[in-house]
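Take the two lone chains and join them into the complex the hints point to.
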Amino acid sequence: MQISTEELTDGITKVALDGRLDIAGAAAVDLKMNVVAGSAQKLLIDLQNVTFLGSMGLRSIVLPARAVHSRGGKVVLFAPGEMVESVLKTSGIDAMLPIHHDLAAAIAALQ
Amino acid sequence: MPSFMSGEAAAKSEPRLTIQSRLEDLALLWSWVESIAEEHAAPAQTRFAIHLCLEEALSNIVRHGYGGQPGRPIDVEFSSAPGELVFTVEDEAPAFDPLAYSGRDQDPVPPAGDSIPLGGQGIRLMRKFAGSLGYTRLVNGNRLTLRFPMVP
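Just so you know, the protein sequences line up as chains Y and B, in that order. Using our numbering, read the first sequence as starting at 24 and increasing by one per residue. Using our numbering, read the second sequence as starting at 96 and increasing by one per residue.
Bound-form chain B, shown alone (with noise of 0.2 Å):
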């Protein structure tokens, strides 16, 4: 933080957060996430919102789309807009559209006579709870765009 920003912009948080392609790294967002949050008012539905679907979509990157290799970057950039906030989420990893993934390679047939459903839920829980979700194929890798309504 440079010497010369006053105690009020210091306070803020920071925009953007970038963590290294492990499932461990993740919880550096809960209190990134907290931090914008907090600053911003979100109402607590908002804010779980929020939690719930970077989770998913960073541990969808780490697993699916770097396959599990460590040590890859993953970017997530904050705004907010008029009544909302956007998180943009960038990664490196090959083309892989969240979107347009079913999901369902990622629970193997599921034991007999017990159907309770596992794969694919990141997605639906990210469609479920976020206000919208948008996908664009960058040249070098993927970003995907999450917008929250703050009121439900």
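In isolation and in its complexed conformation, chain Y is listed as follows (with noise of 0.2 Å):
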């Protein structure tokens, strides 16, 4: 499991995920999610190569998106593959945070 950070346009941190987020995984990235989410204020989740994600890999990506939350950000979603985004569906974490398959409208979601 890989991550990334990346400052894109207008304050938005990109945080790239890479592999599988199954509890080795998450575990493997709960860290360096917590310090992005501590200082983040436009905060888009890159899912597009997470292979896999199940409910310790959601924890992940749902306790850094409250803390962000906590201070008034915002947080989206972005590309995960179907099995993924079914995941996602299927614990209704989509309805608190916005999935988005294309770039421009997950940074518009984010202003």
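Just so you know, these hints were derived from the structure itself, not from any lab. All values reported here derive from a predicted model rather than from experimental measurement. There may be inaccurate statements among the hints.
[As the list claims (entries may be wrong)] Simulated pairs of lysine to any residue, SDA-like, Cα-Cα distance not exceeding 20 Å:
id, chain 1, residue 1, chain 2, residue 2
1, Y, Lys112, B, Gly226
2, Y, Lys112, B, Ala139
3, B, Lys223, Y, Asp117
4, B, Lys223, Y, Gln64
5, B, Lys223, Y, Ser109
6, Y, Lys112, B, Arg222
If you want it as structure tokens, here you go:
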């Protein structure tokens, strides 16, 4: 599991996850996710290279997102694959963390 | 692996996996499921569903069934039926029917003003991604049977 961050325009932080967000993957990214969420105000979580997502992985997305929300910030999820998106929708977290497949739309939703 | 087995038989995936009740040991699931999925040419969606449901089932046993106690056994057995792959998970934990469990207590009250749901996701995901789920109370444990159709 790999995690990388990038500052986009307009104060948007992109965090890209790459690999399997299973129990081991979740443990591997939690610390970095929490650090990023500790300062980001507009957070785009890029899921396009996430090949697996379980409920422990969901926590690795939801808990940092809560931290950003609690400061009045915004979080969007970008480009999950079909099965990963199905997990997000089954869990209902897409109601609070909008899913976008178009980068321009994802960035617009963070404004 | 007994030496008299032919090369073909030796290549077959093991039908049973026994792990200890530690979250770290769940990592053993991945390669075991992959070898079975490979052997049965399971579609990618079926493969994803099996990984997802077994991870949820076993992490539930570790965290709730055994209450975080390490070193207790969890057996996963695989069998194939026409058009489906079947996994049976057995533990020696106190009676615990995940199908009757709402799981709400997994997640304390979320912070005010933020209603992102988190509790009870494991069972919700299993219901959605497994073809069917069955629970049996054993004399000294629990059995969960998960069936996955080979076509979505």
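query = Is Y:Lys112 within 20 Å of B:Gly226, Cα to Cα?
reply = Within the cut-off at roughly 18 Å; holds.
task = Verify the proposed pairing of B:Lys223 with Y:Gln64, using a straight-line Cα cut of 20 Å.
result = violated (33 Å)
ask   = Has the given pair, B:Lys223 with Y:Asp117, been kept, meaning a C-alpha gap of at most 20 Å?
value = holds (16 Å)
query = If you draw a straight line from the CA of Y:Lys112 to the CA of B:Arg222, is it 20 Å or shorter?
reply = Roughly 13 Å between the alpha carbons, so the hint for Y:Lys112 and B:Arg222 holds.
request  = Decide if the proposed pair is consistent with the structure: Y:Lys112 and B:Ala139, CA atoms, cutoff 20 Å inclusive.
outcome  = holds (19 Å)
query = Are the Cα atoms of B:Lys223 and Y:Ser109 separated by 20 Å or less?
reply = Given that 20 Å is the threshold and the Cα spacing comes to 9 Å, the pair holds.
When each numbered hint is compared with the structure, a violation occurs for hint 4 only.
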